[in-house]
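Q: Each chain, written out:
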Amino acid sequence: MAEVDQKALLQFLLRMGDNTLVLGHRVSEWCGHSPILEEDIALANTALDLIGQTQLWLGYAAEVQGEGKSADDLAFLRDAWDFRNVLLTELPNGDFGQTMMRQFLFDAFQSVILARLLKSSDTTVSEIAAKAIKEVAYHVERSADTVVGLGDGTEESHSRMQAALDYLYPYVGEMFLSDDVDAAMAAAGVCPDPTTLREEYDALVSKVMANATLAIPANAYTHKGGRTGYMHTEHLGHLLTSMQWLQRAYPGCEW
Amino acid sequence: MYAQLIKTARSGIKSREEMSEQEREFQDKIDNDIKIEPRDWMPDDYRRTLIRQMGQHAHSEVVGQLPEGNWITRAPTLERKAILLAKVQDEAGHGLYLYSAAETLGESRDELVRLLHEGRMKYSSIFNYPTLNWADIGAVGWLVDGAAIVNQVALQRTSYGPYSRAMVRICKEESFHARQGYHAIMKMAFGSPEQKRQAQSAVDRLWFPAIMMFGPTDADSTNSDQSMAWKIKVKSNDELRQQFIDQTVPQIEYLGLDLPDPGIKWNEERGHYDFSDPDWTEFFDVIKGNGPCNTDRLKDRVAAWDEGQWVRDGLMAHAEKKAAAKIAAE
Numbered sequence: 000m001a002e003v004d005q006k007a008l009l010q011f012l013l014r015m016g017d018n019t020l021v022l023g024h025r026v027s028e029w030c031g032h033s034p035i036l037e038e039d040i041a042l043a044n045t046a047l048d049l050i051g052q053t054q055l056w057l058g059y060a061a062e063v064q065g066e067g068k069s070a071d072d073l074a075f076l077r078d079a080w081d082f083r084n085v086l087l088t089e090l091p092n093g094d095f096g097q098t099m100m101r102q103f104l105f106d107a108f109q110s111v112i113l114a115r116l117l118k119s120s121d122t123t124v125s126e127i128a129a130k131a132i133k134e135v136a137y138h139v140e141r142s143a144d145t146v147v148g149l150g151d152g153t154e155e156s157h158s159r160m161q162a163a164l165d166y167l168y169p170y171v172g173e174m175f176l177s178d179d180v181d182a183a184m185a186a187a188g189v190c191p192d193p194t195t196l197r198e199e200y201d202a203l204v205s206k207v208m209a210n211a212t213l214a215i216p217a218n219a220y221t222h223k224g225g226r227t228g229y230m231h232t233e234h235l236g237h238l239l240t241s242m243q244w245l246q247r248a249y250p251g252c253e254w
Numbered sequence: 000m001y002a003q004l005i006k007t008a009r010s011g012i013k014s015r016e017e018m019s020e021q022e023r024e025f026q027d028k029i030d031n032d033i034k035i036e037p038r039d040w041m042p043d044d045y046r047r048t049l050i051r052q053m054g055q056h057a058h059s060e061v062v063g064q065l066p067e068g069n070w071i072t073r074a075p076t077l078e079r080k081a082i083l084l085a086k087v088q089d090e091a092g093h094g095l096y097l098y099s100a101a102e103t104l105g106e107s108r109d110e111l112v113r114l115l116h117e118g119r120m121k122y123s124s125i126f127n128y129p130t131l132n133w134a135d136i137g138a139v140g141w142l143v144d145g146a147a148i149v150n151q152v153a154l155q156r157t158s159y160g161p162y163s164r165a166m167v168r169i170c171k172e173e174s175f176h177a178r179q180g181y182h183a184i185m186k187m188a189f190g191s192p193e194q195k196r197q198a199q200s201a202v203d204r205l206w207f208p209a210i211m212m213f214g215p216t217d218a219d220s221t222n223s224d225q226s227m228a229w230k231i232k233v234k235s236n237d238e239l240r241q242q243f244i245d246q247t248v249p250q251i252e253y254l255g256l257d258l259p260d261p262g263i264k265w266n267e268e269r270g271h272y273d274f275s276d277p278d279w280t281e282f283f284d285v286i287k288g289n290g291p292c293n294t295d296r297l298k299d300r301v302a303a304w305d306e307g308q309w310v311r312d313g314l315m316a317h318a319e320k321k322a323a324a325k326i327a328a329e
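Sequence lines, in order, name chains X and E.
First residue of the first sequence? That's 0 in numbering that gives the first Met the number 0, and the numbers climb one at a time after it.
First residue of the second sequence? That's 0 in numbering that gives the first Met the number 0, and the numbers climb one at a time after it.
Since the hints were made in silico from the structure, they are not lab data.
Fair warning: this is a prediction, and the values are worked out from it, not measured in the lab.
Just so you know, not all the hints are guaranteed correct.
[Said to hold, decoys possible] The calculated lysine to aspartate or glutamate pairs, modelled on EDC-like cross-linking and capped at a C-alpha distance of 16 angstroms, are: (1) E/Lys186 to E/Glu252; (2) E/Lys320 to X/Asp144; (3) X/Lys133 to X/Asp151; (4) E/Lys195 to X/Asp151; (5) E/Lys230 to E/Asp89; (6) E/Lys13 to E/Asp43; (7) E/Lys13 to E/Asp224; (8) E/Lys13 to E/Asp30; (9) X/Lys206 to X/Asp144; (10) E/Lys234 to E/Asp30; (11) X/Lys118 to X/Asp201; (12) E/Lys234 to E/Asp224; (13) X/Lys206 to X/Glu140; (14) E/Lys321 to X/Asp151; (15) E/Lys195 to E/Asp109; (16) E/Lys186 to X/Glu253; (17) E/Lys320 to X/Asp151; (18) E/Lys230 to E/Glu16; (19) E/Lys320 to X/Glu154; (20) E/Lys321 to X/Asp144; (21) E/Lys171 to E/Asp89.
[Said to hold, decoys possible] Here chain X is said to cover these stretches of chain E; the calculated rule only asks that three of the stretch's residues, wherever they fall, bring their Cβ under 8 angstroms from a Cβ of chain X: (22) 92–105; (23) 190–197; (24) 227–240.
A virtual CB, placed ideally from N, CA and C, is assigned to each residue, including glycine.
So that you can see chain X by itself, here it is in the shape it has in the complex (with noise of 0.2 angstroms):
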């Protein structure tokens, strides 16, 4: 097997980290407006498992780096191009339904590509692995779950859900593109090629929609540029804004 490359490995962790980060961000948005109380048990419990993820995905991201940076040097002192989190998990929650779909649809990913990690010749990610996917397990019942019960509820909550898949699939593609840093994670054993992962993936999805009576929408487009970092959409920055606030205007505090 390869030598891991240190640069593609960091590339690999920060895509890990990123998504997670950026998703956490997004549900924590919701605290306190979501339309029934155990929902808002639900996503502060989501949100708090994505951050938890976090710290684990971009703490290790930051040994391998070797510049002697935290988890949240990372977090909250790069800016949007040095993120590589996939666009999925910038978009705005639009209504809860697509804050949902959203989950689901980045939620089957995760739980498709922990479980290949679980074998990963790198032991920090297969242990990170196995701690996150017990909370993955859960959180893909659960958003499935509510997809389905949508789904196949009244007319309205249907239309809405089978809006947000229309809008959210054309970036489901991007989480399975390759490039030469799934290559090097490939050859190394770290990680399967991402391109491997869709099968899976596709027959989960499937799956899940069909229960739902959601069509998926046919020769979707594939919207990319996050996990490269070539070009994220406008939401990011705005993330970013209000995520990084303190630590830029107060810089070098403890807190």
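Starting from the structure of chain X, add chain E where the hints point.
A: Chain E in isolation, oriented as in the chain X frame:
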């Protein structure tokens, strides 16, 4: 304590002679510290007062998410963000727990929420104050949860079983929040000059609202007597307030912050801190709806509920379809 100015549903305390046989038995149980349980007989006014108190307490937990949620997206570190998310999740859980306790008295959560949204039920006035800087989040945990604990520890001995048991559980989590809040404000008070300035500002703004959480002075607290006799309330407003002030003043001093009230002074004779009377006009203004955030807080909650209607309808419709399909299959 997230319940203030709960109007006891009755005008005066009945003497033993005035009580019916049932009322006497009920009062004996209370006097002997035997908990009242949902299926036990209880006076209608006892039931109504408790519903008001637990409902207001539950609403406070739910509305209390908003001032803290105001900073979740701006929390300065991943750890602080996680701690705040966990806290807010706990608060929502307390709300759920208290609504369930109120349901044991025959009042549904939906009905209580409707009364809140129509402005006919209240939540603690403290949540009508804004959180303006990061130190406020520490101060909310330390002072607001701290004040709540003083009250809720006492309420563990309240006469209604489900409420008392809810308090036992809630107190454990609140103590944790108060410690985390104090830790957060310590970092600020011992940090850079700007951080310390934020900490001082937080204490200055939140001190009086926090001590007003205990409600008006005993002399002006017209609703207390019956609630005390029924042990819905266990200690008087003034006793609880003094206890809170006595435990909190040394904590402010430890932080090296200026005391937020020039009237705070150790009174050797009383063995307690003296303090200035809060501005009770402000308290009643906030209760009446004129606090800095009343309108926005309620608007947020009503909007969340209204905008969520399609979600609740959708999920109900799906559940009904599933149930019907199951029956058809049998």
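Q: Against each hint, give a clear statement of whether it holds in the structure.
A: Do the hints match the structure? See the list:
no.	hint	in the structure
1	E/Lys186 to E/Glu252	15 angstroms, holds
2	E/Lys320 to X/Asp144	14 angstroms, holds
3	X/Lys133 to X/Asp151	27 angstroms, violated
4	E/Lys195 to X/Asp151	54 angstroms, violated
5	E/Lys230 to E/Asp89	27 angstroms, violated
6	E/Lys13 to E/Asp43	14 angstroms, holds
7	E/Lys13 to E/Asp224	11 angstroms, holds
8	E/Lys13 to E/Asp30	14 angstroms, holds
9	X/Lys206 to X/Asp144	12 angstroms, holds
10	E/Lys234 to E/Asp30	15 angstroms, holds
11	X/Lys118 to X/Asp201	22 angstroms, violated
12	E/Lys234 to E/Asp224	11 angstroms, holds
13	X/Lys206 to X/Glu140	13 angstroms, holds
14	E/Lys321 to X/Asp151	10 angstroms, holds
15	E/Lys195 to E/Asp109	43 angstroms, violated
16	E/Lys186 to X/Glu253	7 angstroms, holds
17	E/Lys320 to X/Asp151	9 angstroms, holds
18	E/Lys230 to E/Glu16	20 angstroms, violated
19	E/Lys320 to X/Glu154	13 angstroms, holds
20	E/Lys321 to X/Asp144	12 angstroms, holds
21	E/Lys171 to E/Asp89	11 angstroms, holds
22	92–105	holds (count 4)
23	190–197	holds (count 4)
24	227–240	violated (count 0)
Checked against the numbered hints given earlier, this structure breaks hints 3, 4, 5, 11, 15, 18 and 24; the rest are met.
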